[in-house]
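> Generate the whole structure from the sequences, applying the supplied hints.
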Amino acid sequence: MIALTTPYLWYTTRATGIVALILFTMVVSLGTLVANRIGGTIVGRFEINELHRSLSMVALTFLAIHILTTVMDSYVPTGLISAFVPMTSDFKRVGVAIGAVAFDLILAVWISSLLKLRIANTSWRFIHWFSWLGFTTALVHAYMTGTDSRTGIGLVLVATCGAVVAAAALWRFFGRPTRAAGRTALSPLATSKDPVRATSDAPRPFPVSQRPTRERGRR
Amino acid sequence: MGVRRRSGAFILQVNPILCDGFGHCAELAPELVKTDEWGYPILKSDPVPLADAGTYESARYAERGCPRQALHIHRISEKKPH
Amino acid sequence: MIDPHSLPRLMHATSERPLTLAQHETAFASTSPVTSLLEELEASGLTGRGGAGFPTGRKARLLREQRGHNKFMVVNAMEGEPASHKDQTLLSANPHLVLDGAEYLASIIGANNIAVCVARDNPSVVNHMTRALHERTRRSLRGPKLELHTPPWRYVAGEESALVHWLDDNESLPQYRPNRPHILKIGHGPALVDNAETCANVGLIGRFGAQWYRSLGTADNPGSTLVSVTGAVGHPTVVEVELGTPLRAILDTAGADPDPQAVLLGGYGGSWLSASHLDAPYDNEALKPFGVSTGAGVIVVLPKNACGIVETQRVVRWMANESARQCGPCAFGLPALAEDLTHIAHPSRDPQGARQRLIERCAVIEGRGACRHPDGVIRFVRSALDVFAADFTEHVHGSVCNGSRSTKHFASVPSLEREEELVWE
Chain A
1 MIALTTPYLW YTTRATGIVA LILFTMVVSL GTLVANRIGG TIVGRFEINE LHRSLSMVAL
61 TFLAIHILTT VMDSYVPTGL ISAFVPMTSD FKRVGVAIGA VAFDLILAVW ISSLLKLRIA
121 NTSWRFIHWF SWLGFTTALV HAYMTGTDSR TGIGLVLVAT CGAVVAAAAL WRFFGRPTRA
181 AGRTALSPLA TSKDPVRATS DAPRPFPVSQ RPTRERGRR
Chain B
1 MGVRRRSGAF ILQVNPILCD GFGHCAELAP ELVKTDEWGY PILKSDPVPL ADAGTYESAR
61 YAERGCPRQA LHIHRISEKK PH
Chain C
1 MIDPHSLPRL MHATSERPLT LAQHETAFAS TSPVTSLLEE LEASGLTGRG GAGFPTGRKA
61 RLLREQRGHN KFMVVNAMEG EPASHKDQTL LSANPHLVLD GAEYLASIIG ANNIAVCVAR
121 DNPSVVNHMT RALHERTRRS LRGPKLELHT PPWRYVAGEE SALVHWLDDN ESLPQYRPNR
181 PHILKIGHGP ALVDNAETCA NVGLIGRFGA QWYRSLGTAD NPGSTLVSVT GAVGHPTVVE
241 VELGTPLRAI LDTAGADPDP QAVLLGGYGG SWLSASHLDA PYDNEALKPF GVSTGAGVIV
301 VLPKNACGIV ETQRVVRWMA NESARQCGPC AFGLPALAED LTHIAHPSRD PQGARQRLIE
361 RCAVIEGRGA CRHPDGVIRF VRSALDVFAA DFTEHVHGSV CNGSRSTKHF ASVPSLEREE
421 ELVWE
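Protein chains in written order, with my numbering: chain A, 1 to 219; chain B, 1 to 82; chain C, 1 to 425.
In case anyone wonders, no lab produced these hints; they're calculated from the structure.
Each residue gets a CB set at the ideal place from its N, CA and C atoms; glycine is no exception.
Hints may contain errors.
Unchecked claim - Rough simulated footprint, nothing fancy, chain A against chain B, three-plus residues with beta-carbon under 8 Å: (1) 24-32; (2) 43-55.
Said to hold, decoys possible - Straight-line alpha carbon distances no greater than 30 Å define the calculated DSBU-like cross-link-like pairs of lysine-lysine that follow: (3) Lys34(B) <-> Lys44(B); (4) Lys304(C) <-> Lys288(C); (5) Lys116(A) <-> Lys34(B); (6) Lys145(C) <-> Lys185(C); (7) Lys408(C) <-> Lys304(C); (8) Lys304(C) <-> Lys116(A); (9) Lys116(A) <-> Lys44(B).
Below you can see the structure in the form of structure tokens.
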């Protein structure tokens with residue numbers, strides 16, 4: 001690994017870190033738009049989905065540069081291992097550790113999405129939920145480790161990203177799209193209003209009172 | 001790049017349990033998928049010849065683009081009756 | 001040997017208390033045991049008594065050909081149809097005949113497990129089966145392992161794939177089976193699922209042979225069957241009838257209203273039949289031209305003073321709530337059908353539009369679920385549109401019949417668990 005001491009590596013780390021944070025905010029917001037079935041009239045739903053996927057690749061690129069420049073910069077002693085394993089950095093141990101946790105989670109989400117067609121959809125969805133945790137951890141890392149994030153515009157940026165994702169989370173988990181959200185512009189009754197609302201995930205399973213309890217079963 | 005004439009046909013099938021009515025398939029392959037009033041797909045039941053490359057490409061986009069991976073292209077060979 | 005030309009067969013020698021193993025062996029003693037079970041079963045022409053009417057021998061042969069050393073024979077006594085009591089009655093009268101059949105089928109396919117499934121909501125039947133299984137296990141420890149399973153009672157819990165899913169993974173949810181024939185599996189073992197009455201018939205064939213079995217019934221639909229008669233009857237009855245008996249005779253034996261408006265055949269996923277066709281024989285071949293089938297052996301009698309549309313609406317409302325809610329067209333479509341029927345049964349706003357929507361929605365929902373639950377409801381609704389066409393016209397034009405104001409109902413449905421389940425929140 002080349003060890004350099006120019007300040008430009010340090011500037012690159014900071015800049016790409018900020019850009020990656022902004023991009024991941026957009027990715028999570030787009031993911032929420034997909035899950036809540038937005039689109040179908042002006043913008044296609046599949047387009048929002050594709051944008052979510054493409055933008056995540058851009059964000060990952062910036063994240064990769066952010067990590068590499070940190071490792072290459074010998075002014076702060078962090079080896080490549082610190083990007084993956086928490087608490088192995090001598091510089092800002094806790095902050096970088098949280099960054100490593102965030103990176104691990106994002107890596108898991110990314111790899112599962114690469115293998116999406118090969119693994120079961122339920123497994124993919126389970127891992128994908130961790131993207132919320134990945135973002136939150138990245139945000140904490142940005143606040144703790146970021147040189148610019150404690151004051152001025154850096155703080156405003158981190159706070160805004162946090163607020164946007166928090167709003168998205170509230171909308172995702174508590175706000176429910178109406179049944180009309182199921183229809184796209186192409187369905188025959190796309191314009192009629194229906195007062196009955198539906199959940200965004202699969203219709204509710206069997207009533208809980210009748211849900212069978214684990215009995216003497218096969219396993 | 002030559003165009004190889006493929007024989008046989010295909011239909012798009014959906015696993016109705018996995019499907020959650022996102023509707024991406026209707027946007028990506030409108031010639032094969034219509035939606036009902038609740039947003040769930042109504043698939044064309046007649047087989048489409050594989051030689052119809054445009055429709056086949058739409059079907060592949062729809063299969064890949066489904067958020068729940070509920071769609072599946074089912075090949076029908078000419079020899080066996082469907 | 002039981003006289004081949006007389007009834008009862010399945011209910012032979014039964015009384016108030018269930019037959020013990022010894023009593024059963026005496027009553028059903030056979031002097032000429034059957035040697036090649038599968039051939040006899042195929043020759044008998046027995047078809048399933050659970051509703052689908054698939055040839056039992058063909059199904060058994062298919063499972064026999066599957067590879068797998070841990071095969072299951074599943075006895076389906078869930079009886080999801082609320083209007084059906086025949087399986088409960090059979091298990092309370094002679095569980096051993098059912099278990100005989102299960103053991104024969106298990107030996108045909110090479111299964112070393114027999115799973116008897118009874119709804120847990122019926123404690124007396126559960127007790128009878130537990131005792132019967134104990135008797136058999138005490139008699140001989142060799143042979144397939146007998147187990148009793150008690151899933152919670154739901155309409156779809158008796159569906160084949162839902163039952164297997166319960167045994168495999170503790171959830172009574174139907175499975176998606178795109179390629180027929182699809183072999184259901186419990187763990188790695190292929191499973192043969194047969195209705196309890198079907199197993200009882202197999203028990204008879206195994207003891208007395210195909211020729212004996214075919215002495216009753218018609219050429220295409222041989223043997224006898226149990227029928228649950230409810231609705232306008234003195235009390236809900238289960239009768240054993242020879243296949244091919246005219247419907248009118250069955251109603252007479254059960255003590256039902258001799259001059260009904262219509263009858264519902266098959267179950268709540270079956271079809272209405274106008275009273276003008278009551279001379280038709282009760283077997284699938286003869287009923288096909290009328291678009292009905294014997295289904296799960298259910299007859300609901302609708303008297304002249306009742307409203308067919310109100311009865312249909314109540315049933316569809318309950319059936320919509322019984323959806324497993326896995327597939328969109330069923331989860332949303334069936335409540336929509338119920339809503340349209342409500343607007344027609346108790347006309348308040350635009351019943352004409354409701355009838356139009358009803359017909360359109362039936363066409364849209366059909367065939368798009370993982371299981372056949374929505375298809376059954378659609379069949380039921382279409383038969384109502386056909387048989388009660390005059391009533392529909394009356395309701396749509398605003399004149400409501402006397403029957404719709406009555407509080408007495410003939411197609412009994414269990415009360416909806418929680419009303420708001422039907423409205424999607």
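> Any hints from earlier that this structure breaks? Give me their numbers in increasing order, please.
2, 8
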